[in-house]
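There are 2 protein chains.
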Amino acid sequence: MDLRTYSPTSRTTLHRIPGRGSYDRAVVHAILDEALVCHIGFIHEASPIVIPTTFVRIDEQIFVHGAVASRMLKALAGGARACVTVTLVDGLVLARTAFHHSMNYRSVVILGVASLEEDAATKRDVLMRLIEKLSPERSRALRDPNAKELAATSLLAVSLDEVSAKTRSGMPKDEDEPEDKVAPVWAGIVPLSLSARAAQPENGDAERYPLPHVPAVFRASS
Amino acid sequence: MDLRTYSPTSRTTLHRIPGRGSYDRAVVHAILDEALVCHIGFIHEASPIVIPTTFVRIDEQIFVHGAVASRMLKALAGGARACVTVTLVDGLVLARTAFHHSMNYRSVVILGVASLEEDAATKRDVLMRLIEKLSPERSRALRDPNAKELAATSLLAVSLDEVSAKTRSGMPKDEDEPEDKVAPVWAGIVPLSLSARAAQPENGDAERYPLPHVPAVFRASS
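Chains as they are written, first to last, in the working numbering: chain A, 2 to 223; chain B, 2 to 223.
Treat the hints as calculated values from the structure; they're not laboratory data. Heads up, some of the hints might be wrong.
Subject to a maximum C-alpha distance of 35 Å in a straight line, what follows is the list of computed DSBU-like cross-link-like pairs (lysine-lysine) [what the hints assert, rightly or not]:
| # | chain 1 | residue 1 | chain 2 | residue 2 |
| --- | --- | --- | --- | --- |
| 1 | B | K167 | A | K167 |
| 2 | A | K75 | B | K167 |
| 3 | B | K174 | A | K149 |
| 4 | B | K182 | A | K124 |
| 5 | A | K174 | B | K174 |
| 6 | A | K75 | B | K182 |
| 7 | B | K149 | A | K174 |
| 8 | A | K75 | A | K182 |
| 9 | B | K167 | B | K75 |
| 10 | B | K174 | A | K75 |
| 11 | A | K124 | A | K167 |
| 12 | A | K182 | B | K75 |
| 13 | B | K124 | A | K167 |
| 14 | B | K124 | B | K167 |
Every beta carbon over 10 Å from chain A, so not counted as near; a handful from chain B, in silico [stated by the list, open to error]:
| # | residue |
| --- | --- |
| 15 | S8 |
| 16 | S23 |
| 17 | Y24 |
| 18 | D60 |
| 19 | Q62 |
| 20 | S116 |
| 21 | L117 |
| 22 | E150 |
| 23 | P179 |
Here the structure is a predicted model, which is why all the values come from computation and not from measurement. Ideal placement from N, C-alpha and C gives every residue a C-beta, glycine not left out.
Using the sequences plus the hints, can you model the full thing?
Take a look at the structure:
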């Protein structure tokens, strides 16, 4: 068993363009750590439901949280099957033919069952790790969540067991017809990335406090 | 019946923070037209599966496409229930308390059943509209898809009937405890948006051709 990779299962084996797939833990972790939002799928009254929410990875689990009363949390806390998908959009792929237009992206699909994390100290630590993900070094400036706040928040964990990544990068590939390679049209990529603009304070006395940190990946791409 | 709005159903009525919800067609359309990627949920062997893919809205339908052989297309072409969720990340909401940290976002959830679009002329038109969404005015520079390409591409439509939008914008709200409003910490928002960087040509003779257009929303935010 290679601990650097996830083991493919029948459900995570990629059949379409397998060269775009990866089970490498480092690849999966990097995508999960950069993305702010995941899309959680669950089944509610025989229908698939997909909800966006923030999340944080800690070791080989991801955590999502929400109000105790939310439909998603109620559905998932009962041990229902879940699919958590994370997608980073990296660019437009503009080929010489309509057929080969594409996107550059990095995505992860996690299949599993959510478990409710009820220990108050663990909940507190995970929520602070989520805040660190959004704004590094911020959690130390905040008061601890109080008992009422922790009780109002449900925290769910999904283990990284059945996991695959899929990515596309690089230039378009117009290879089907010889004349396509020389068609008279601009071809290439337009890189896209989530970028931060200047922070906007709410405080009237914001100049008294240090500006918040923003994850390096957002600064670098602006 | 108000034609400017979608009718809420039991499945699309928002219970949590209903003030963030909208059934306004113009709000829904604007989110769908800005987003490049949707996350489609469907049920496969009793598990929810969520897959990211590009899409385009035309009037009151959205269209996704993929290889005829893909698991997603095979599952959905049979008339299975689907949930299509679209999320735009607009910013970090950094409150004075951990509990009130949030994200600014705009999202749409569409519940429905996909139908396979098999008419070659319709498929061609929709695929060209998708390319126009990625890069306005580009489709006229490309040759038409040929019969082999159209046959290899499945196109699915989902009607905008059971639809809701949910958005958060603006500043954090630390209102639970009086002392939180004056806690000595920077509070506010960090705007985030998907931005384009300089297009990178593949052609050796790229200077002969006009640069591709990029949707205005990506240029404006860079």
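Against which earlier hints does the structure fall short, listed by number upward? Checked against the structure, the hints that fail are numbers 5, 8, 22, while the rest are satisfied.
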